[in-house]
Amino acid sequence: MQDWEVVIGLEIHAQLTTHTKIFSGSPIAYGAEPNSQANLLDLGMPGQLPVLNKAVIPKAIRFGLAVGANIGRRSVFDRKNYFYPDLPKGYQTSQFTYPIVEDGGSLDIEVDGQTRRIGITRAHLEEDAGKSIHDAFPGMTGVDLNRAGTPLLEIVSEPDMRSAQEAVAYARKMHELVQFLDICDGNMQEGSFRVDSNVSIHKPGTPFGTRAELKNINSFRFIEQAIEFEIERQIEIVESGGEVIQETRLYDPERNETRSMREKEEANDYRYFPCPDLLPVVIEQTDIDQEARAMPELPDAKRVRYQENWGLSQEDAQMLTASRAMADYFETLVDLTGEAKKAANWVMGDLSKALNQDGLTIDRSPVSAKMLAGLMARVDDGTISGKMAKQVFAAMWAGEGHADDVIEAKGLKQITDEGAIGEMVDRVLAEHPDQVAAYQAGQEKMLGFFVGQVMKASKGQANPAQVNAVLKARLAQA
Amino acid sequence: MAIEKQDVAAIARLSALSVGEEEAGQVAGKLNHILDVLETMQSVETDQVEPMSHPLDQVQRLREDRVTETDQRERYQRIAPAAEKGLYLVPQVIEQV
Amino acid sequence: MHNLSLKTLSERLQSRELTSVALTQHFLDRIARFDGELNAFVTVTPELALEMAQAADAKLDRGEGHRLTGIPVAHKDIFCTLDVKTSCGSKMLNNFLSPYDAAVVEKLKSLDMPMLGKTNMDEFAMGSSTESSYYGRTLNPWDHRAVPGGSSGGSAAAVAAGLAPVATGSDTGGSIRQPAAFCGISGIKPTYGAVSRYGMIAYASSFDQGGPMARSAEDAAWLLEAMAGLDERDSTSVALASTDYSRDLSRSVQGMKVGVPEEYFSEGLEADVAETVQQAIGELEKLGAEIVRIHLPNKDLAVSSYYVLAPAEASSNLSRFDGVRYGHRCEAPKDLNDLYTRSRSEGFGDEVKRRIMVGTYVLSEGYYDAYYRKAQKLRRLVRDDFVKAFEQCDLIVGPVAPSVAFDIGEKTDDPVSMYLADLYTIPVNLAGLPAMSIPAGFARGRPVGLHIVGPYFEEHKILQLAHQYQQVTDWHHAVATDYR
Numbered sequence: 001m002q003d004w005e006v007v008i009g010l011e012i013h014a015q016l017t018t019h020t021k022i023f024s025g026s027p028i029a030y031g032a033e034p035n036s037q038a039n040l041l042d043l044g045m046p047g048q049l050p051v052l053n054k055a056v057i058p059k060a061i062r063f064g065l066a067v068g069a070n071i072g073r074r075s076v077f078d079r080k081n082y083f084y085p086d087l088p089k090g091y092q093t094s095q096f097t098y099p100i101v102e103d104g105g106s107l108d109i110e111v112d113g114q115t116r117r118i119g120i121t122r123a124h125l126e127e128d129a130g131k132s133i134h135d136a137f138p139g140m141t142g143v144d145l146n147r148a149g150t151p152l153l154e155i156v157s158e159p160d161m162r163s164a165q166e167a168v169a170y171a172r173k174m175h176e177l178v179q180f181l182d183i184c185d186g187n188m189q190e191g192s193f194r195v196d197s198n199v200s201i202h203k204p205g206t207p208f209g210t211r212a213e214l215k216n217i218n219s220f221r222f223i224e225q226a227i228e229f230e231i232e233r234q235i236e237i238v239e240s241g242g243e244v245i246q247e248t249r250l251y252d253p254e255r256n257e258t259r260s261m262r263e264k265e266e267a268n269d270y271r272y273f274p275c276p277d278l279l280p281v282v283i284e285q286t287d288i289d290q291e292a293r294a295m296p297e298l299p300d301a302k303r304v305r306y307q308e309n310w311g312l313s314q315e316d317a318q319m320l321t322a323s324r325a326m327a328d329y330f331e332t333l334v335d336l337t338g339e340a341k342k343a344a345n346w347v348m349g350d351l352s353k354a355l356n357q358d359g360l361t362i363d364r365s366p367v368s369a370k371m372l373a374g375l376m377a378r379v380d381d382g383t384i385s386g387k388m389a390k391q392v393f394a395a396m397w398a399g400e401g402h403a404d405d406v407i408e409a410k411g412l413k414q415i416t417d418e419g420a421i422g423e424m425v426d427r428v429l430a431e432h433p434d435q436v437a438a439y440q441a442g443q444e445k446m447l448g449f450f451v452g453q454v455m456k457a458s459k460g461q462a463n464p465a466q467v468n469a470v471l472k473a474r475l476a477q478a
Numbered sequence: 001m002a003i004e005k006q007d008v009a010a011i012a013r014l015s016a017l018s019v020g021e022e023e024a025g026q027v028a029g030k031l032n033h034i035l036d037v038l039e040t041m042q043s044v045e046t047d048q049v050e051p052m053s054h055p056l057d058q059v060q061r062l063r064e065d066r067v068t069e070t071d072q073r074e075r076y077q078r079i080a081p082a083a084e085k086g087l088y089l090v091p092q093v094i095e096q097v
Numbered sequence: 001m002h003n004l005s006l007k008t009l010s011e012r013l014q015s016r017e018l019t020s021v022a023l024t025q026h027f028l029d030r031i032a033r034f035d036g037e038l039n040a041f042v043t044v045t046p047e048l049a050l051e052m053a054q055a056a057d058a059k060l061d062r063g064e065g066h067r068l069t070g071i072p073v074a075h076k077d078i079f080c081t082l083d084v085k086t087s088c089g090s091k092m093l094n095n096f097l098s099p100y101d102a103a104v105v106e107k108l109k110s111l112d113m114p115m116l117g118k119t120n121m122d123e124f125a126m127g128s129s130t131e132s133s134y135y136g137r138t139l140n141p142w143d144h145r146a147v148p149g150g151s152s153g154g155s156a157a158a159v160a161a162g163l164a165p166v167a168t169g170s171d172t173g174g175s176i177r178q179p180a181a182f183c184g185i186s187g188i189k190p191t192y193g194a195v196s197r198y199g200m201i202a203y204a205s206s207f208d209q210g211g212p213m214a215r216s217a218e219d220a221a222w223l224l225e226a227m228a229g230l231d232e233r234d235s236t237s238v239a240l241a242s243t244d245y246s247r248d249l250s251r252s253v254q255g256m257k258v259g260v261p262e263e264y265f266s267e268g269l270e271a272d273v274a275e276t277v278q279q280a281i282g283e284l285e286k287l288g289a290e291i292v293r294i295h296l297p298n299k300d301l302a303v304s305s306y307y308v309l310a311p312a313e314a315s316s317n318l319s320r321f322d323g324v325r326y327g328h329r330c331e332a333p334k335d336l337n338d339l340y341t342r343s344r345s346e347g348f349g350d351e352v353k354r355r356i357m358v359g360t361y362v363l364s365e366g367y368y369d370a371y372y373r374k375a376q377k378l379r380r381l382v383r384d385d386f387v388k389a390f391e392q393c394d395l396i397v398g399p400v401a402p403s404v405a406f407d408i409g410e411k412t413d414d415p416v417s418m419y420l421a422d423l424y425t426i427p428v429n430l431a432g433l434p435a436m437s438i439p440a441g442f443a444r445g446r447p448v449g450l451h452i453v454g455p456y457f458e459e460h461k462i463l464q465l466a467h468q469y470q471q472v473t474d475w476h477h478a479v480a481t482d483y484r
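Residue numbers (the numbering used here), protein chains in the order written: chain A, 1 to 478; chain B, 1 to 97; chain C, 1 to 484.
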């Protein structure tokens, strides 16, 4: 029997990074007191009118350009009509017929070494709904409209993905992209980046099967698990002679299963029509040119450059472009030090470790790229050893100041004076006549022992290379 | 395109209005009477005509991304039929859409 | 005092011969005396009015203020008024104390115009008779058996009866002009976008437009000047080149080309109304205007187009009234659906429900193209008719309504007959043009209005013609015997 082919399309809601809502001057800070950011328009008060937030336009254009899509030169806001307590006006303002980002876009993903191009159908601006709180009052649902009116860019893919892995690869890539473009903070826990998956199965060469929509999944791992589960569920249904019904399903991570949401008695009819309170949004070529000029280097291009210009490995390039902040930090460090490999080692090594331990993102690092460059310079000029540098870094992390301050305060300067090192070497050799004899009898590995003793005597401050050289010379003479 | 009794139920549901079984026929009659008048539209050829959504050919004006609203929850919730702990209350919703 | 022009009132207030408190009290007294029967007001706000009058007097005493300072005004109950009930004629908002002021209210407050109260209207402005108000019908001051027209029937009756020197109204399909005609006053619907819709409860957003209702064209010009202008809070609000609507009032209309659409004098127009309007056109000719015959061929389509588009927008605009955040909420809802349907079914009256359902239907899948989209196309044809007509004339005149004020109850059982009576006013709203109704005489003892339509943003020209007409006629001075 021919295998089932899986067909997946994703709808991603990316919350645009703005100070205020899409149609009102209310703030959109996450975690505020319920309804403290829900004002007249957000509450759907009679007589209230929307005015579009200027900040969303360039962000949408930037996204469209980044995926190579056509920009909607005249986009129109429509109303999607339905009743729900978190939808204060009884309609959601969205773009249905004329979206701001039109067709033509795509995103390349890589799965198992294979590159696949996923088509992007469109992306449109819309307002978010509020939140229903089901557990605060017995028998009642509470409604918090703080989130109502938050600007979203809904990014709709073509049904081009053929496995859960591809879907996750696409979602991750999109997640990375919107952050690099600085249009979305990508915080999935706070709901700034939400993925809905449309999943169906069919036999190749036959029409697509009926799809189920998996909603509100807030981690990549769960997206993969939910899709995997859903594929199995649909195959089981079809193979046992049943039929998949078009519905929205919720993923329950605790039980690793998808569940049907209460089935609607009748299909909804959203009665989209152009919002009479808003006028067409016209984008001029100059607006597009401006965004094209301001377009940041995208992660794929960065990775190529890191490998080709700086000789980094593919894995390192991948890690260093995990976020725009990470790449920015790294590139600043390279600019300041001219040492791409050493910079990469610092960023992926001590810095990443410290960030992880403190649960910080790189843009919150207490050691800035400039400070780290200062530290690297002291290693480079021999003031301190690599080992001392780790100690200095820890102190800098703890807020004890710049590299030079820490080196000074802790007296960590490396001893490089030939005479001083010679004296220490002589003392150590004099104290260990048996070991000297052994070395001279051919046990050359004893050298390490002497190095260790000298370093100990110098409290770790002697330059190890110099200690080595002086030891070898003295032992040869003796 | 006459509205039947069962259409009235569907329209009422989308409109979140209740129309009782007994009134459905009468409501259908009134709506059909209105729709009859609207039918005159169909006599006109409009293939080449652009639909018109706004009386003036204007484009959308944009607002600065600046916070202009402050927390007025207490004032706004004073006129709410049911609000507690800052939340608007509705009968329990079983599952989210 | 209640029959004086705004200009005279202003002069007396500025000279301190008259205080705003005395003037305001005079109107409050008349409201107390007449409104029990007339029912032009849903809410009267005497304390607020007098407080504002005192503030106005203080300013006038210091020689400050605007020419409208101290002159009281009544607002149609469609305009949100801070902490004052704003019902929109509906049970749905019977308990709604607006948490903010509409732009228009704010503007007139800033000029220290004392607010007398909120006037009655058809529920959510859906009607042409003010009979669909939850607060009872308003009587026509000229004949208590007649309707005052609608939806701004309360404002029209209040001004006609001398209960307010001037009032605000709103016009979606004729709601300023038709009641102005029925009550024998002057009312102008400005170009769409001239007056901010912020805080004016939406019926059909792409048609709704606020405007003044007054005794004369000059008074209307004065109030419109205070109401109009760009408002950043309304995306459809327009930056106007000038809001000096009085600038051409005293200019002669000699040589002005006044178009008379042939189609507007065809079947359906009552003979005595036609005759009165023709006489008015004759007066305009005497004033030196050149009368040109024009054509508006798509006028019959306008009513159909409007009664698709306006209910469609209304069905969506009125979805916010769901019993959750404000307004009427049913007792003990058993579930969410019950909360919605019962709150809405109890809160809305029959005509509102009917229009919501029609609007829902014409937008629904399978019907959108045949109704909504088709109507949008017809809207363009109607608009294009006007654009073409204005190539041949400066202004267009004709009847406001096919009849004088009809009797209370005459059309309540047949909504369609009421829709069809809007045939002269609706095309103007489809196009978004400015238009005015001014008193032009009487037929069977009830007032007849003359309709003057102008090109976009040429309100000043409409007002010029109206004012010039009012210089040689007295219809605008006529007051019903009981209210003199």
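Hints in this document: simulated from the structure, not taken from any laboratory.
Heads up, a few of these hints could be off.
[Claimed, not checked] Pairwise CB distance ranges (calculated): (1) L62(B) - K7(C): 57 to 65 Å; (2) L62(B) - T361(A): 50 to 58 Å; (3) A241(C) - E64(B): 18 to 26 Å; (4) Q14(C) - L56(B): 35 to 43 Å; (5) D338(C) - S260(A): 17 to 25 Å; (6) D289(A) - T40(B): 18 to 26 Å; (7) L62(B) - S260(A): 36 to 44 Å; (8) E232(A) - V416(C): 56 to 64 Å; (9) A29(A) - L62(B): 17 to 25 Å; (10) A136(A) - D407(C): 30 to 38 Å; (11) N95(C) - A136(A): 23 to 31 Å.
Note that the Cβ used here is the ideal one computed from N, Cα and C, for glycine as well.
### Violated constraints from the hint list, given by number and in increasing order
Structure breaks hints 1, 2, 6 and 10.
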